[in-house]
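Q: First to last, the sequence lines map onto chains A and B.
My numbering numbers the first residue of the first sequence as 1 and each following residue consecutively.
My numbering numbers the first residue of the second sequence as 1001 and each following residue consecutively.
It is worth saying that the hints were derived from the structure and are not from the lab.
The beta-carbon is built from N, C-alpha and C at its ideal position, and this holds for glycine as well.
Treat the hints loosely; a few may be bogus.
What the hints assert, rightly or not - The calculated label-pair distances, taken between Cβ atoms and stated as ranges, are: (1) B:N1084 x A:T241: 22 to 32 Å; (2) B:S1052 x A:D236: 21 to 31 Å; (3) A:D236 x B:R1087: 48 to 58 Å; (4) A:H142 x B:S1068: 20 to 30 Å; (5) B:I1202 x A:P225: 32 to 42 Å; (6) B:Q1135 x A:T218: 19 to 29 Å; (7) B:R1087 x A:I207: 37 to 47 Å; (8) A:L220 x B:E1211: 16 to 26 Å; (9) A:P115 x B:R1087: 29 to 39 Å.
Claimed, not checked - Facing chain A, a subset of chain B residues (Cβ under 8 Å, in silico): (10) K1090; (11) N1159; (12) Y1318.
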Amino acid sequence: MSFRIIVLAKQVPDTRNVGKDAMKADGTVNRAALPAIFNPEDLNALELALRIKTQINGAEIILLTMGPSRAAEIIREALYRGADAGYLITDRKFAGSDTLATSYAISLAIKKLAPYDLVICGRQAIDGDTAQVGPQTAEKLHIPQITYVEDVISVNTQHIVVKRRLERGIEIVSTPFPVLVTVHGSAPACRPRNSKLIMKYKHARTITELQDEIKDYTELYSHRPYLNIEEWNVNDLNADTEMLGLSGSPTKVKKIENVVFQHKESKSFTSNDQDIDSLMKELIDSHVIG
Amino acid sequence: MNNIFIYCEITEEGSIADVSLELLTKGRKLANQLSSKLEAVVFGNNISNLESQLFPFGVDIIHYANDSRLFPYTTLPHSSILMNLIREEKPQIVLFGATSVGRDLAPRIASALRCGLTADCTSLEIGNYDETRTQKEYQNLLYQIRPAFGGNIIATIVNPETRPQMATVREGVMKKEILSLTYKGSIKKIDVGKWIKPEDFIVKIIERHVESQKINIKSAQIIIAGGYGVGSKENFKLLFELADLIGAQVGASRAAVDSGLIEHERQIGQTGVTVRPKLYIACGISGAVQHRAGMDQSAQIISINTDPNAPINQIADYVVIGSVLDVIPKMIKYYKKNSK
């Protein structure tokens, strides 16, 4: 009996470090200029999955991601770290999906990958910041969910015990499988790429990527089927298109405003005694400090 | 039906959490705007003084599920009861705190009810919406306003077609305010057995170490916040010393908390607390968008930083170029000298 772990991950623009290159002249963010990365908390989830794999004989890790064709990049990143296979669900009809529509598509893919034991993903992505897809997917699969997980205490083929990081403390929680777990950024950092695995998987591609390649890889793929990254579209998932994209999304964006750097008139001081003396005087005199 | 529901969280001491009281305050205002009722949803174990805790906020009905298995919070029993309660009562709006409880429960409910949910709202308003695609006009929708894209944009979200309209809101975003100590509503007891199944208890809490909230920097008038630039736990003592002197609370940026310099309860910013003091002194804080989101509404801001180009300097009223270790002792010295 194979123990199947499905890691849900997302390729996201790196919103954490918006440097000068990504800032437009009007002070707004040029999203297209941000590098695309493996969502950080999904990397924490992958690390926990890799640790669980070492605890269970015959366990396998599948990385599942929904996105445009280039999201296959994060599947390769997972393979370089120890995942066993990757699936990309991709289709124009997914565009405009909010978390409800996204979790619908993802749950269909997971059902197609049944039987599975553990679904694990980051708590939230750094672009939407909602933390909704994990719990919504769990609900659609009708399995329990444990969120804000910081570490795995123990695991066997039947049961898992995890530590949750709450606002003012921790909880140790136990559950049988199947379960969906979301992982908090305070969990152990993901291990780096393994050079042997890079050698093994560097030519892994989806069928769409192969079409854009200059070289012909058919020979390579016939000998090494593990290089094939599966791609599923709306038909492969038997998805009801009304539940996808804009029509499947109950939340609508009415308006987006860019956060613009407001420059304020400020008074400058050095750290020398004279300056600090006059600063404190001014603050006291104007009753800012009592 | 068509009322405003607030899902209320219970603290370790068994009382209603501040974030829920803040949402009740906002909920009362929304209910007035929409000419509907404010209803509180409470699932817990033998909570004392429920009426006196909640009615003063203008709560018309308390829906109370009392069962020892409902505290501490676990997902399945709470979601089984809440989803059925919502199906029965049909509120138009349901609000939750954006906490480890609210962000665990609300999406599960939204998925079951196939309704829209917006997380971590920083503002809620009532307004109209014209859908260009279908040419439909909607009145009196809940505007769910929130930062996204790492805090680089502010989005206004609406749920035109689905009900209830749901949102989670962070603690400290709304202000807690009693409406009237004599306000009277009623309590409806929920028959827990009707909606809970044995499978709901499959996840078990084996151990739990949660502390009561000792530190509350939300309502501080003056906050001295330390960033990564403070450098060490030792150096944070300087901030505490100045804070004691001028009657301030000590806060921190996420970088300082993540580096173990100070406890998480003092974290200010998108994943911490939102504060609106009359004076915010930022010490060695660069001022990333996520931090600014938690303090940019401070009336006056002082930034102490060795880097003249630190982003926070652009929103500061006073910029002191220097090291925290050098400047804070001088501020202490000259405060003592200049104040009588």
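Q: Next step is simple, just say for each hint if it's right about the structure.
A: Evaluation of the provided hints:
Taking 22 to 32 Å as the suggested C-beta distance range, the pair N1084 (chain B) and T241 (chain A) conforms, at roughly 30 Å. In this structure, S1052 (chain B) and D236 (chain A) break the distance hint of 21 to 31 Å, their C-beta atoms being roughly 58 Å apart. Taking the beta carbon of each, D236 (chain A) and R1087 (chain B) are about 33 Å apart, not inside 48 to 58 Å as hinted. In this structure the hint that H142 (chain A) and S1068 (chain B) lie 20 to 30 Å apart at CB holds, the actual value being about 26 Å.
At about 38 Å, the beta-carbon gap between I1202 (chain B) and P225 (chain A) stays in the expected band of 32 to 42 Å. About 51 Å separates the C-beta atoms of Q1135 (chain B) and T218 (chain A), a value inconsistent with the hinted range of 19 to 29 Å. Range check, R1087 (chain B) to I207 (chain A): about 44 Å between beta-carbon atoms, so the 37 to 47 Å window is met. Checked against the hint of 16 to 26 Å, the C-beta distance between L220 (chain A) and E1211 (chain B) comes to roughly 57 Å, which is inconsistent with it.
Range check, P115 (chain A) to R1087 (chain B): about 31 Å between beta-carbon atoms, so the 29 to 39 Å window is met. Using the Cβ-Cβ criterion of 8 Å, the hint placing K1090 (chain B) at the interface with chain A is not satisfied: the shortest such distance is roughly 16 Å. The interface hint given for N1159 (chain B) holds, since its Cβ lies 5 Å from the closest Cβ of chain A, which is under the 8 Å cut-off. Checking Y1318 (chain B) against chain A by beta carbon gives a least distance of about 5 Å; that is within 8 Å, so the hint holds.
Against the hints set out earlier in the document, violations occur for numbers 2, 3, 6, 8 and 10.
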